[in-house]
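With chain A fixed as given, assemble chain B onto it according to the hints.
Just so you know, the sequences run in chain order A and B. Residue numbering for the first sequence follows our numbering, starting at 1 and increasing by one per position. Residue numbering for the second sequence follows our numbering, starting at 1 and increasing by one per position.
Incorrect hints may appear among the rest.
Only some residues are given here: those of chain A computed to face chain B with a beta carbon under 8 Å [claimed, not checked]:
#1 E120
#2 S121
#3 A124
#4 G126
#5 M127
#6 Y129
#7 L131
#8 P139
#9 Q140
In short, the hints are calculated from the structure, not lab data. Each residue gets a CB set at the ideal place from its N, CA and C atoms; glycine is no exception.
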Amino acid sequence: MTFDSSVVSYGLPLLLGGLVNTVLFSLSAIAIALMLAPVVAVGRLSTRPSLRWMATCYVEAIRNTPFLVQAFLFFYGLAALGIRVDAGVAGIVTLSIFGTATFSESFRGAIRSVPLGQLESARAVGMSYRLALQRIVFPQMWGYLIPSLANQATGIIKECSVLSVITVPEVAMAAQFVIGETFAPAETYAMAAVLYWALTSTVTGLMSLANLWLTKRRRQNLAASLGSPLELDYTEA
Amino acid sequence: MSGAAPLVFRLEGVTKDYGPIRALDGIDMTVRPGEKICLIGPSGSGKSTLLRCLNYLEEPTGGRIWLNGEPVGHTIDSVGRRRAPSEASINRLRMSVGMVFQSFNLWGHMTALQNIMEAPLRVRRLPRAHARDLALGLLRRIGLEDKQHAYPSELSGGQQQRVAIARALAMEPQVMLFDEPTSSLDPELVSEVLDVMRTLAQEGMTMLIVTHEMGFAEEVADRVIFMDRGRIVETAEPHRFFRRPESPRAAQFLARVVGRGRARSGSEQHDLRATTGGEETETGRLATSKTERET
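Chain A on its own, in the form it takes in the complex (with noise of 0.2 Å):
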């Protein structure tokens, strides 16, 4: 096979266009599940029965479906019933949903990795639920979170080529129409290939810049991970 440069002149511009694309969608929808996904997570570890239970059926629904078909289902089910939605829109919210449940399950770990003990002492000197979670669990689940966050961003970003399927113009259907005018798929898929794989790894490399950033200064206390975490159930103590 002989590589077509010309493909690369025609192609690469169409293809950079499509990247905005999936930057901003990709990192809209992430950014929307940092804040959403603290709160499905502490849902699913309450004690509470209504609150666990919706939080799990969302999640399971979720990461039980392909994303392909959450996005074929909001667009075109949201049409069924007569309500027009802008395709970008349908992106944004279907990638967030989606997002926010792969994150959730994240943060879940991570709250969890924490010992109890560190929760349960925070109680003890009379904090809220919600104050020892904020300056006492969240502050120490950084190490754990940001490499498995990283990896839930790297498929978030993955999936959004998904979106092609409900006219999101990102780097997939850039490459698409690429293919239609040159004839050069492998040309033109290789293209994209790479510039996934760029927008993927600067993203976990800025993802472990802020591991490295938060866990400065702190550390772990050996002392107070007696036993084992992973064992203990983390609800509201």
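Okay, now just chain B, sitting in the frame of chain A:
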């Protein structure tokens, strides 16, 4: 309920069930201001559960608790139903009841000073300078002023536990609960923690101590409460308790724990094992693991 000062704690029929396992089985007790009470008994007897019910780290299943004559925790309404307390009322209760844990539980991302300042700042909402002075004063009292900027991982177990005591004292509680404070310490570090507790006792703090340090219990306690299978089996003045326990269960327990050397005379040991081994410790372990899961 006589005398001028109200009782610090009064418990009436307090029970705690973990599913089919009854960890506390009708506890009645009172704690007078300034009193030092040591809770002793075999593992799984409910000592720690009782302590944890007093500050609602465990929710009692039944019975009633008063702090300073005021009902705390679950209340009984006019129709006789048990009503769960609000989070705010439990936080208020915990502000007057300090607790020290077996595993210290100092917050790993904070220095010794920050650990002590945190609750005064965030819970009592003291001004920062005030909280700092309070914390530094406490560090001086426990002899760790030079370790104020050390993180828990940089402190020995004994030092961590002393900081944990200071952290609880920073709330200026009315009563301190100690849940086996020296049980996870290396033997050579036990005395520094007991020294701090002894000083605290001399200063008149009301203290409830779950401990296996029988010498310390005998020296410091005004009263010893011996528990077994979720019940208070014997309440006694410590010197009498350690010399002539009334209940056979307490006598067996003491023979095992205190008189380990003396009691080890062949057949007697077999008897003890037969009566106190197997099934009961099993229950204890079940109850403990259940506790951890449910909190």
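Now for the hints, and whether the structure bears them out:
no., hint, result
1, E120, "holds (6 Å)"
2, S121, "holds (4 Å)"
3, A124, "holds (4 Å)"
4, G126, "holds (4 Å)"
5, M127, "holds (6 Å)"
6, Y129, "holds (7 Å)"
7, L131, "holds (6 Å)"
8, P139, "holds (5 Å)"
9, Q140, "holds (5 Å)"
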